[in-house]
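Using the sequences provided together with the hints, build the complete structure.
4 protein chains.
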Amino acid sequence: MSHNTFGHLFRVTTWGESHGPALGCVVDGCPPGLKLTEADLQVWLDRRRPGGGKFVTQRQEPDQVRILSGVFEDERTDGRVTTGTPISLMIENVDQRSKDYSEIARAFRPGHADYAYFAKYGVRDYRGGGRSSARETAARVAAGGVARKVLGEGVKIRAALVQIGPHAIDRDRWDWDETLRNPFWCPDAVMAQQWESHLETVRKAGSSTGAVVEVEATGLPAGWGAPLYGKLDAEMASALMSINAAKGVEIGEGFAAAALSGEDNADEMRAGNDGPIFLSNHAGGVLGGISTGQPLVARVAFKPTSSILTPRRTLTESGAEVELRTKGRHDPCVGIRAAPVVEAMTACVLADAFLRHRAQIGG
Amino acid sequence: MSHNTFGHLFRVTTWGESHGPALGCVVDGCPPGLKLTEADLQVWLDRRRPGGGKFVTQRQEPDQVRILSGVFEDERTDGRVTTGTPISLMIENVDQRSKDYSEIARAFRPGHADYAYFAKYGVRDYRGGGRSSARETAARVAAGGVARKVLGEGVKIRAALVQIGPHAIDRDRWDWDETLRNPFWCPDAVMAQQWESHLETVRKAGSSTGAVVEVEATGLPAGWGAPLYGKLDAEMASALMSINAAKGVEIGEGFAAAALSGEDNADEMRAGNDGPIFLSNHAGGVLGGISTGQPLVARVAFKPTSSILTPRRTLTESGAEVELRTKGRHDPCVGIRAAPVVEAMTACVLADAFLRHRAQIGG
Amino acid sequence: MSHNTFGHLFRVTTWGESHGPALGCVVDGCPPGLKLTEADLQVWLDRRRPGGGKFVTQRQEPDQVRILSGVFEDERTDGRVTTGTPISLMIENVDQRSKDYSEIARAFRPGHADYAYFAKYGVRDYRGGGRSSARETAARVAAGGVARKVLGEGVKIRAALVQIGPHAIDRDRWDWDETLRNPFWCPDAVMAQQWESHLETVRKAGSSTGAVVEVEATGLPAGWGAPLYGKLDAEMASALMSINAAKGVEIGEGFAAAALSGEDNADEMRAGNDGPIFLSNHAGGVLGGISTGQPLVARVAFKPTSSILTPRRTLTESGAEVELRTKGRHDPCVGIRAAPVVEAMTACVLADAFLRHRAQIGG
Amino acid sequence: MSHNTFGHLFRVTTWGESHGPALGCVVDGCPPGLKLTEADLQVWLDRRRPGGGKFVTQRQEPDQVRILSGVFEDERTDGRVTTGTPISLMIENVDQRSKDYSEIARAFRPGHADYAYFAKYGVRDYRGGGRSSARETAARVAAGGVARKVLGEGVKIRAALVQIGPHAIDRDRWDWDETLRNPFWCPDAVMAQQWESHLETVRKAGSSTGAVVEVEATGLPAGWGAPLYGKLDAEMASALMSINAAKGVEIGEGFAAAALSGEDNADEMRAGNDGPIFLSNHAGGVLGGISTGQPLVARVAFKPTSSILTPRRTLTESGAEVELRTKGRHDPCVGIRAAPVVEAMTACVLADAFLRHRAQIGG
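Chains as they are written, first to last, in my numbering: chain D, 90 to 452; chain F, 90 to 452; chain W, 90 to 452; chain E, 90 to 452.
Just so you know, these hints were derived from the structure itself, not from any lab. Please note that the accuracy of each hint is not assured.
Repeated chains share a single entry, so a pair holds when one copy, or any two copies, can fit it.
[Claimed, not checked] Below 20 Å or equal to it, Euclidean Cα-Cα: the simulated SDA-like pairs (lysine to any residue) are:
#1 124 x 207
#2 124 x 451
#3 124 x 222
#4 416 x 216
#5 124 x 211
#6 245 x 135
#7 238 x 169
#8 293 x 350
#9 238 x 447
#10 245 x 264
#11 124 x 360
#12 124 x 183
#13 245 x 416
#14 293 x 451
#15 245 x 281
#16 238 x 307
#17 238 x 452
#18 245 x 263
#19 293 x 353
See the structure below:
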């Protein structure tokens with residue numbers, strides 16, 4: 090992984106700041122001949138788009154994606170197809186509300202990337218967080234749309250929130266369809282209601298709360314991922330940890346595996362009609378860094394955003410001690426918007442793993 | 090990250106299997122002029138070496154590391170120094186006990202990489218796990234020794250076990266010195282005793298148990314790590330997840346951050362004599378993917394090893410259903426041996442971050 | 090080097106086709122705090138722009154470059170400066186003349202990339218050469234403008250044509266100023282006139298001719314470039330050979346070195362006030378892949394373009410034998426336009442070498 | 090390309106110095122299931138081995154290669170096969186003649202990498218040239234042997250010397266079999282005799298001379314190589330220019346293309362039974378950076394070695410002006426030994442191109 094590029098063969102390079110004219114990405118290494126239109130990508134961007142509810146930022150962005158290169162249509166291709174050359178995707182920034190940044194221009198929000206960027210670069214675009222803004226994740230979601238095309242219909246990737254603040258779902262009530270019915274990607278209808286009242290409290294207090302997102306990918310074959318440093322779970326860990334506000338990643342049992350015995354953690358195998366059947370999936374679909382054919386399961390923990398109304402002690406760029414409260418648009422729980430981003434990053438990791446596998450093994 | 094290489098500028102390529110003649114690594118990109126002898130590396134290998142207690146594998150390996158290239162001595166250098174060319178490190182395998190692998194040669198250990206390797210490559214070196222063996226981590230530890238030289242005395246990296254099985258330490262009893270007094274890298278003297286009896290039970294049952302390792306790096310300046318896909322925490326996540334048996338990685342508060350409010354999670358800042366002082370370290374030393382100057386804190390969860398005496402249902406390579414129990418040398422808790430590996434990977438990530446930072450920013 | 094990215098630390102990813110809506114690049118890894126405006130880049134694009142004479146393609150493109158990210162201005166920066174984040178540059182395609190591509194849509198121009206693209210990808214954007222068009226080099230030139238900022242005023246890079254068709258310059262008449270006075274980047278005033286009449290003949294015949302471009306970089310210190318596979322000359326070779334129509338690259342004496350004796354080829358050294366003085370520069374400024382502090386000198390050979398009026402035997406996509414002549418806009422000598430591209434690629438290679446050197450060695 | 094690694098998917102990392110205990114390489118990304126023994130590699134090393142004649146260095150090295158990892162044999166594999174894990178190859182240095190390096194330890198040989206290494210690293214292993222020694226190419230040749238296995242029997246790679254000093258072969262007398270009959274890899278029996286007397290004169294004078302090597306690869310399909318920065322010819326240029334003493338690389342017509350007209354340079358196509366037939370091969374098998382299915386043809390120019398008996402003016406490390414003549418073993422023409430290295434690098438580039446192509450396109 091390079092600074093602003095991820096992936097090895099399916100490579101995504103993103104660019105853009107919160108308040109610049111646009112943001113976007115270049116997707117390189119995509120196989121040729123795949124049907125790809127802007128509408129194919131827009132569907133994923135629309136799922137990510139803020140403004141759908143009162144619990145995500147009120148910034149209004151249409152997030153219309155444009156494909157600037159890498160697809161072509163003539164009478165023989167029956168629609169626009171990828172050509173194998175780089176796919177440039179661009180999303181214009183529209184709602185760059187002219188607001189007063191004079192305060193955070195000089196003071197660092199505690200818990201925010203403000204200070205770290207300044208310490209590293211000596212200069213920072215503080216408007217809306219600049220490069221560290223979650224706006225950048227729109228480019229990831231667009232790239233994820235291309236990755237899904239590479240993976241094809243057989244691989245299904247979907248994410249759900251399993252915890253907001255201290256409130257975790259009841260896995261016995263898990264229903265994937267439910268994630269489409271509430272604004273929290275919550276698979277537990279009962280918990281969705283509890284989250285709503287929790288978030289209402291948080292929002293009114295000008296506070297924020299963390300969350301945990303779980304992603305599942307089904308339909309991938311055994312064999313993807315390559316030991317030792319390109320392990321599928323290591324690639325997932327890197328990709329998911331690179332999402333704004335992520336603080337932890339786990340695969341399968343994850344941290345719970347530490348408390349298990351070898352007997353309980355082993356996924357026993359029986360012979361099935363189409364290859365091995367695993368009797369459990371503690372591994373989360375990865376052994377030795379290679380996919381087993383079972384569903385890939387990962388979770389990501391997101392911290393609460395640092396933009397809150399309660400004054401916090403901090404410093405200015407010149408080192409003066411001040412108290413700072415972040416006014417303006419707030420996101421009480423950034424983890425909510427992260428769900429489609431987690432899906433997109435998973436799609437990109439898997440598309441990359443597929444191409445790498447095909448390179449070494451063929452088929 | 091490539092398959093068997095990690096790092097961008099401080100690059101480590103490892104090779105070798107459990108039962109081949111040797112294993113090793115090539116460290117490329119090391120700055121010139123650093124004092125480096127085999128003894129400098131041996132000290133870390135000796136800490137990792139199994140055989141020190143009855144709770145780690147009984148394989149007896151001297152793990153003598155040889156430096157085959159990249160250092161030079163003449164009358165002007167006052168001892169052996171790095172030359173800026175690749176440093177090749179080799180460790181011979183000595184105790185490749187001639188044992189009967191006929192059973193696991195054909196059957197997959199449930200929960201082990203056996204099946205995944207076979208599904209991917211169609212061929213596997215099953216002796217001792219082949220490439221998936223924890224023997225490979227000796228090469229990581231050797232490379233970590235070089236990384237520590239790059240970082241210098243100012244950066245201090247140390248790891249401790251904070252949980253074995255269901256038994257977590259009491260952080261109020263944390264004493265780093267204690268980690269050197271017990272065979273478990275346990276910073277809590279009381280818990281060390283409890284772990285001993287727990288592991289004795291596990292060992293006698295031919296079972297195994299998981300663990301959580303925590304690593305802390307102090308002395309690194311603010312500014313290391315580069316957004317967005319080379320974030321310091323993303324690099325840590327990838328590096329730590331690539332260690333054998335790792336199933337989860339978290340930074341700072343990690344998964345606990347999901348339950349926090351923005352007020353509680355914010356690390357407030359005050360002016361100190363030598364730059365900012367943070368009043369807490371929920372972030373674990375990283376904001377926006379860049380180091381803040383606070384201690385870098387990460388944790389890794391390790392699953393229990395799949396090599397256990399209790400028979401488990403599994404398949405042979407030809408698809409027949411069998412029951413398998415793993416005879417021979419056992420590691421009741423692979424997490425114990427992982428502590429120096431976690432340190433080494435952290436050192437490598439930081440050395441790489443240092444060089445990358447210096448490239449872009451200078452100084 | 091990845092497919093559409095070059096450089097290791099100063100990384101340029103280009104995208105776009107001849108007849109798409111736009112083309113551009115993302116420059117990643119640029120140090121922060123460098124003054125950078127669109128005008129700084131436009132000056133180089135204007136030098137490359139076709140339409141300046143009758144001996145380059147008549148396509149009229151303003152080639153206005155836009156900076157979409159990576160620079161920021163506020164009251165403290167005294168103008169727009171780089172922030173260390175990715176710099177996205179975009180150039181819109183304006184003069185995509187609606188022409189009839191029906192013929193080359195089906196037949197492969199002999200000597201052109203048409204067939205190879207089709208054989209590889211199974212689909213190709215044949216309009217104006219698609220991705221293989223020299224339009225793409227506008228993105229390289231823009232990136233080169235950023236690279237020059239990284240290198241600073243001390244490093245001077247300039248290119249000249251030293252041969253067109255069979256007509257080579259007389260090096261005794263070399264005058265760099267002359268390259269700015271004629272449309273051929275010719276340092277030899279006498280030869281410039283001869284080239285003019287030669288090219289007039291070529292143009293009238295609907296033919297084309299090859300050329301050799303020489304580039305010189307002065308002001309770089311000794312020490313840049315890193316053996317063995319990142320040698321400065323190997324990086325130059327790769328970068329220059331990636332330019333459209335390039336067929337050969339040489340450093341210093343180049344192919345002529347094969348005929349020299351060791352005595353004649355050795356660049357003897359004497360002590361100067363500011364370090365060593367070399368008494369000759371057969372090496373072209375590179376020894377062992379590392380810069381010596383002497384001027385870096387390289388040459389690139391460009392073949393004649395395959396778009397000519399004389400009918401040539403070829404095949405259609407379906408394999409039928411046809412004769413093809415390329416109508417429309419022609420470039421009698423693509424090497425002429427290549428000069429600023431050669432400069433730009435050299436700038437990018439050196440900026441990358443500078444950052445890589447600083448990473449490993451510091452300073 | 091990283092400093093000491095080349096290739097993207099078929100990756101070779103080399104290490105070692107002229108007078109260290111050993112040298113070697115790690116080959117990563119090799120497909121599994123390929124038969125591979127040490128004898129398969131030794132055959133190529135034996136071809137490269139100095140000592141075969143009086144016109145190459147008299148250093149006596151058995152150059153026995155050992156495979157330390159990445160291959161496995163059991164009853165099912167019918168011989169040793171690659172496992173898909175890293176292949177570590179090691180060659181011990183045996184004839185490190187204890188000679189007096191006191192002179193070149195302090196003075197830089199003009200035209201040699203001595204000064205550049207010292208300027209960059211501040212320290213250098215001057216014994217036999219250290220890392221810059223041609224001994225390192227043994228590792229390339231070993232890796233090339235693995236690459237040939239990846240390519241299979243269908244791809245044939247062979248090199249010949251076409252020029253030594255000012256004496257170029259007559260291409261009308263080209264006979265590949267002849268290259269195996271004389272010690273100069275000369276395909277022209279008449280010229281081989283002329284070279285012998287020329288080299289005898291050079292050797293007696295303690296002088297040296299340059300050379301040009303041509304390599305041809307047949308049997309590769311159309312479609313390998315990927316625009317724009319991973320063009321097959323750009324990869325070849327980089328790989329060949331990285332060989333010791335290389336100063337120029339050209340593809341097909343190369344520099345001669347500059348003098349051609351578009352009509353003469355175009356390779357016309359006719360329909361054949363097995364796809365297109367080209368009526369000429371000015372392109373050298375590459376168009377737009379992609380193989381055409383024609384033979385890949387490249388040439389590399391090698392300078393004369395700087396180790397000569399005639400005193401040359403130079404500096405010591407401390408800046409004193411001295412005269413230096415290089416005593417001891419000499420190589421009157423390093424280009425002779427380069428032929429198998431050129432073959433090996435070509436094999437590695439093609440193996441990499443094959444895997445990259447398979448990744449993106451499949452099949």
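Results of checking the hints against the structure:
1. 124 x 207: between (43 Å within a copy, 17 Å between copies)
2. 124 x 451: between (23 Å within a copy, 17 Å between copies)
3. 124 x 222: For residue 124 and residue 222, the Cα distance exceeds 20 Å both inside one copy (31 Å) and across copies (23 Å).
4. 416 x 216: within (13 Å within a copy, 51 Å between copies)
5. 124 x 211: between (44 Å within a copy, 14 Å between copies)
6. 245 x 135: So residue 245 and residue 135 pass the 20 Å test inside one copy only (18 Å; across, 46 Å).
7. 238 x 169: within (13 Å within a copy, 39 Å between copies)
8. 293 x 350: Classified as between; 13 Å across copies, 45 Å inside a copy.
9. 238 x 447: For residue 238 and residue 447, both the intra-copy (16 Å) and inter-copy (18 Å) Cα distances are at most 20 Å.
10. 245 x 264: Classified as within; 16 Å inside a copy, 47 Å across copies.
11. 124 x 360: Classified as neither; 37 Å inside a copy, 31 Å across copies.
12. 124 x 183: neither (28 Å within a copy, 26 Å between copies)
13. 245 x 416: neither (40 Å within a copy, 39 Å between copies)
14. 293 x 451: neither (56 Å within a copy, 45 Å between copies)
15. 245 x 281: neither (24 Å within a copy, 45 Å between copies)
16. 238 x 307: within (15 Å within a copy, 36 Å between copies)
17. 238 x 452: both (18 Å within a copy, 19 Å between copies)
18. 245 x 263: within (17 Å within a copy, 45 Å between copies)
19. 293 x 353: Answer is between; shortest inter-copy Cα gap is 17 Å, intra-copy 44 Å.
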